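*Asks:* The task is simple: from the sequences and hints, build the whole structure.
Those letters in the sequence shown? Residues 84 to 166, by our numbering.
It is worth saying that the hints were derived from the structure and are not from the lab. Values in this document were obtained by computation on a predicted structure and should not be read as measured data. Every residue gets a Cβ at the ideal spot worked out from N, C-alpha and C, and that includes glycine. Each hint should be verified, as a subset may be incorrect.
[Claimed, not checked] Estimated spans, in silico, between C-beta atoms of each pair:
1) Ala-150 with Lys-110: 43 to 53 Å
2) Gln-126 with Gly-147: 44 to 54 Å
3) Lys-110 with Glu-144: 45 to 55 Å
4) Gln-119 with Ala-150: 46 to 56 Å
5) Ile-118 with Gln-138: 25 to 35 Å
6) Leu-124 with Ser-145: 24 to 34 Å
7) Val-114 with Trp-135: 19 to 29 Å
8) Gly-109 with Thr-163: 50 to 60 Å
9) Gly-147 with Asp-117: 45 to 55 Å
10) Ala-150 with Asn-130: 28 to 38 Å
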Amino acid sequence: MHARTLRGDRPTLRRDATPTIIARRGKQEVVVIDIQEYQRLCQIAENAEEAWLDQLADEAESEGTEASVSLEEMAALLRTQQC
84 MHARTLRGDR PTLRRDATPT IIARRGKQEV VVIDIQEYQR LCQIAENAEE
134 AWLDQLADEA ESEGTEASVS LEEMAALLRT QQC
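*Replies:* Dropping the structure here:
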């Protein structure tokens with residue numbers, strides 16, 4: 084793996100398997116990782132989002148359907164408000 088690091092203002096190249104932090108004065112920092120780590124982090128984010136959406140759906144279902152309307156009813160209401 085080639086990683087580029089900055090020492091002062093001079094970029095240097097080094098080769099190793101360790102993620103490298105690239106920092107520039109007062110700007111954002113970037114961490115260079117390999118593709119497997121990136122894919123692992125993407126999967127973690129996707130799983131977290133799915134769990135959050137499942138929790139929202141469960142909460143909505145637990146509130147019941149008494150005051151709810153169907154999509155068709157909602158569309159009809161929106162149409163009547165626009166006229």
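*Asks:* Determine for every hint whether it applies to the structure shown.
*Replies:* Results for each hint:
| no. | hint | verdict |
| --- | --- | --- |
| 1 | Ala-150 with Lys-110: 43 to 53 Å | 50 Å, holds |
| 2 | Gln-126 with Gly-147: 44 to 54 Å | 34 Å, violated |
| 3 | Lys-110 with Glu-144: 45 to 55 Å | 46 Å, holds |
| 4 | Gln-119 with Ala-150: 46 to 56 Å | 48 Å, holds |
| 5 | Ile-118 with Gln-138: 25 to 35 Å | 30 Å, holds |
| 6 | Leu-124 with Ser-145: 24 to 34 Å | 32 Å, holds |
| 7 | Val-114 with Trp-135: 19 to 29 Å | 25 Å, holds |
| 8 | Gly-109 with Thr-163: 50 to 60 Å | 55 Å, holds |
| 9 | Gly-147 with Asp-117: 45 to 55 Å | 48 Å, holds |
| 10 | Ala-150 with Asn-130: 28 to 38 Å | 32 Å, holds |
Hint 2 alone, counting from the list given before, is not met by this structure.
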